[in-house]
Amino acid sequence: MMCHGERSERSEVGNGIEAIRALLDDVRDPEIPAISITDLGIMRDVRRASDGALEIVLTPTYSGCPATKAIQEDVEGTLREHGVENARVVVQLAPAWTTEWITQRGRERLRAFGIAPPEEVARCPRCSSASTRELAHFGSTPCKALYRCNACNEPFDYFKRL
Amino acid sequence: MNARVEYVLRFGDNALVLAQRLCAWVAHAPIMEEDVALANVSLDLFGQARLWLAYAGELEGAGRDEDALAFHRGAGEFRNVLLVERPNGDFAETTVRGYFYDLWASLALAELSRSKDERIAAIAEKARKENAYHLRRSEDWMIRLGDGTEESRSRMQRAVNDFWRYTGELFLGDEVDATMREQGVGFDPTALREPWLERVRATFAAATLDVSSDVWMQRGGKQGVHTESLGYLLAEMQVLPRTISGAAW
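Those sequence lines, one after another, are chains A and B.
So the first sequence is numbered by numbering that gives the first Met the number 0: it starts at 0 and just counts up by one.
So the second sequence is numbered by numbering that gives the first Met the number 0: it starts at 0 and just counts up by one.
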């Protein structure tokens, strides 16, 4: 499964929450591998539950997005590979995910990958022109719309605001 | 059956049945963009159905998960409104059916997002955001095709006349609705009728379409009395898990 690039060799990581966060920062969105689940803002929390287990709290982007299950498995796989035991993924629906949670780094990464980030104006990721038009409101994944740049004529994906 | 289970099943079944209808358009839509759009809307609805049905299964407490509810119930156990099970027909019919549902869902989900049942409120809030995009698209098409060519307008008007009889059920309440409303979990469906009609009239005015006059309103889906076409839909949707017990991806 395409997920987080090179699989690192099995290595022990500290049990600290920050170390786990750093580890999971490597888990990519399988449909947009340019950005990580931290960039997307779908990893809501990493915490120690009362029974001692490590809980990774994820929230889905769109409720039918097939990437959600893949991401959950990638998180579990990454933890296993690094010898983190007694961990579980908790899926949380509320508050509902919003594109406001995509980090600044995530937005830059999307742009560099050729996807206009979710801003007021869908700027062309190629020439930065704000003169663009919507070709189709639904694109290749639930989170994207299809646009075209009026300045350079490039068709591009726009990560639509939700 | 427990009223809350019944109630949640209704929303789950609406989403599931419409999702199944819409996915039949894949590779058959009139243009590529619409193929993608219909698939996306269908996918959102499958996701919503999964959330609703998983919750219904938990509330029921009989060990049935969302797959068991989706694939191992017969037509008489489905609780969706009749509107969503009506066949796709042509693109005009699919558009009109979708518009009627999307508009109703936008109002219903807004109500449910204030439910005292936190899980219902969370699912509704998530679905509401997705539904806003669905409604935007279906309303666009209502206007574009209604106020389009003679051919497109006549097909849209015919679809409106065909489907109008299935809209009454959206605003009919029964004992389940009343119980859920009393508990602060649900809403009064009759209260959605005026806001729904108001927006329909505005859209139809822009689309140069006529609102159908008095017709007999069909009912029964919410209580499990369905049209013949639901059985065919379920037969196709359920054939694999019913043929090969325990089949999984």
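Don't take every hint at face value.
Claimed, not checked - Quick partial rundown of chain A residues pointing at chain B, CB under 7 Å, derived from the structure:
(1) G76
(2) G82
(3) N85
(4) A86
(5) V88
(6) V90
(7) A93
(8) T98
(9) A135
(10) F137
To be verified - Pairs of lysine-lysine residues, derived as BS3-like cross-links and limited to a Cα-Cα distance of at most 27 Å, are as follows:
(11) K115(B) x K159(A)
(12) K68(A) x K128(B)
(13) K68(A) x K159(A)
(14) K128(B) x K115(B)
In short, the hints are calculated from the structure, not lab data.
Ideal Cβ placement from N, Cα and C applies to all residues, glycine included.
For each hint, the structure was consulted:
1. G76: violated (17 Å)
2. G82: Result: violated, 29 Å to nearest chain B Cβ.
3. N85: Nearest chain B Cβ about 25 Å off; hint violated.
4. A86: violated (22 Å)
5. V88: violated (15 Å)
6. V90: violated (10 Å)
7. A93: Because about 4 Å separates A93(A) from the closest Cβ in chain B, which is inside the 7 Å limit, the hint holds.
8. T98: violated (10 Å)
9. A135: holds (4 Å)
10. F137: holds (4 Å)
11. K115(B) x K159(A): violated (30 Å)
12. K68(A) x K128(B): Judged against 27 Å, a Cα distance of about 21 Å means the pair holds.
13. K68(A) x K159(A): Holds - the C-alpha atoms of K159(A) and K68(A) are around 21 Å apart, at most 27 Å.
14. K128(B) x K115(B): It holds: about 19 Å lies between the C-alpha atoms, which stays within 27 Å.
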